[in-house]
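Participant: Spelled out from the first residue to the last, the chains are:
Number of protein chains: 2
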Amino acid sequence: MKSPTSLELLTDALRRLPGIGPKSAQRIAYHMLQHDRDGALRLGHALCHAVENIHHCARCNTFTEDEICATCLDPKRDATLLCVVETPADQLMIEQTLTYKGLYFVLMGSLSPLDGIGPKEIHLDRLITRATDNGVTEVVLATNFTNEGEATAHVISEMLKPRGLKVSRLARGVPVGAELEYVDAGTIARAMLDRKTA
Amino acid sequence: MKSPTSLELLTDALRRLPGIGPKSAQRIAYHMLQHDRDGALRLGHALCHAVENIHHCARCNTFTEDEICATCLDPKRDATLLCVVETPADQLMIEQTLTYKGLYFVLMGSLSPLDGIGPKEIHLDRLITRATDNGVTEVVLATNFTNEGEATAHVISEMLKPRGLKVSRLARGVPVGAELEYVDAGTIARAMLDRKTA
Chain G
40 MKSPTSLELL TDALRRLPGI GPKSAQRIAY HMLQHDRDGA LRLGHALCHA
90 VENIHHCARC NTFTEDEICA TCLDPKRDAT LLCVVETPAD QLMIEQTLTY
140 KGLYFVLMGS LSPLDGIGPK EIHLDRLITR ATDNGVTEVV LATNFTNEGE
190 ATAHVISEML KPRGLKVSRL ARGVPVGAEL EYVDAGTIAR AMLDRKTA
Chain Y
40 MKSPTSLELL TDALRRLPGI GPKSAQRIAY HMLQHDRDGA LRLGHALCHA
90 VENIHHCARC NTFTEDEICA TCLDPKRDAT LLCVVETPAD QLMIEQTLTY
140 KGLYFVLMGS LSPLDGIGPK EIHLDRLITR ATDNGVTEVV LATNFTNEGE
190 ATAHVISEML KPRGLKVSRL ARGVPVGAEL EYVDAGTIAR AMLDRKTA
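Chains G and Y, in that order, are what the protein sequence lines are. Under this note's numbering, the residue at position 73 of the first sequence is numbered 112, and the numbers go up by one with no gaps. Under this note's numbering, the residue at position 50 of the second sequence is numbered 89, and the numbers go up by one with no gaps.
The set of hints was computed from the structure by calculation and includes no laboratory data. Where hints are given, some of them may not hold.
Copies of the same chain look alike in the list, so a pair counts if it works inside one copy or between any two.
[What the hints assert, rightly or not] In silico lysine to aspartate or glutamate, DMTMM-like type, Cα no more than 25 Å apart, as pairs:
1) Lys140 with Asp172
2) Lys62 with Asp75
3) Lys235 with Asp77
4) Lys62 with Asp77
5) Lys140 with Glu189
6) Lys205 with Glu220
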């Protein structure tokens, strides 16, 4: 059997990207070779460089090229607040709201026992050390509002409350701009129970 | 302004892939760094290696790592038949049917004057040289059945027929397995006009 060609190796490697099947991989390979060799080369180098240089922040666990990430080192952030998110993408979304000036802890996932993701995989031991050692007074749980995210928030809450920390959770309710007719009943029920004095 | 991080460079580079927007690029970058660093490295090397090694076959214009591709060099192929396709993917599809044993010429596109793709860009000069110099007796036009593909087939046909070559086109008609009720009228009209004695 002959060894695979550069083109076959490239198509196989492209299939490792999430959401890319065999047809797409072939289409992308042909496209890059025919129309964007410069882009292909840039992507090739960027991938190798990223794998080599990017690891997790020793303090908040997000992706960074340094020992401690820029957010953790920023003296202007409020070190008494610690926001727990599932992914760096979630962290970015919260940053974009400009409503939060504290620090973060990135779980890099959520509890999902069926997939073998337990407390150790999402670094709950490190989170507890982080939350209790550095003058943190409030932990804001900003995991997703999915079953896994809610379970994760519950577990973290139960672990931190006995340690004397204030633990809060992002408010649930009707999304901004939503029409009630098109909002699901669970969300409206929650918003009704959590209603605020106007 | 600070220089972009490895992660930003990677996300930007991923956006060069066809069909990948900013959100997908970010999602892919995080996924590869968190769950498949080995795959990321493999893809990085495959891209660099492919760009460096893959070019066009001097005879049929398909992608190859050699001067002349394996198909063109195969002595078992029928050198009197030349099939013209738009892309290497189309060539692969025809190969998979196992109904064709001749050689190929890959245009790497189709005529599209509005996009600036004229006869030169799809190498029609090289096709004519190839079709008239090497004992070819029949040219099978297997460009797509789109407007661009049909126009391309027409132009090639008009160029080659005066040179004494037999020029044929893939048959048009109702797809195998199709129910007439769901086939478009244009296809049925064509199939009616091209009907064959049973």
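Participant: Compare the structure with each hint and give your call.
Facilitator: Hints, one by one, checked against the model:
| no. | hint | in the structure |
| --- | --- | --- |
| 1 | Lys140 with Asp172 | within (19 Å within a copy, 73 Å between copies) |
| 2 | Lys62 with Asp75 | both (19 Å within a copy, 21 Å between copies) |
| 3 | Lys235 with Asp77 | neither (55 Å within a copy, 50 Å between copies) |
| 4 | Lys62 with Asp77 | both (22 Å within a copy, 22 Å between copies) |
| 5 | Lys140 with Glu189 | within (23 Å within a copy, 60 Å between copies) |
| 6 | Lys205 with Glu220 | neither (36 Å within a copy, 66 Å between copies) |
In summary, the numbered hints that this structure violates are 3, 6.
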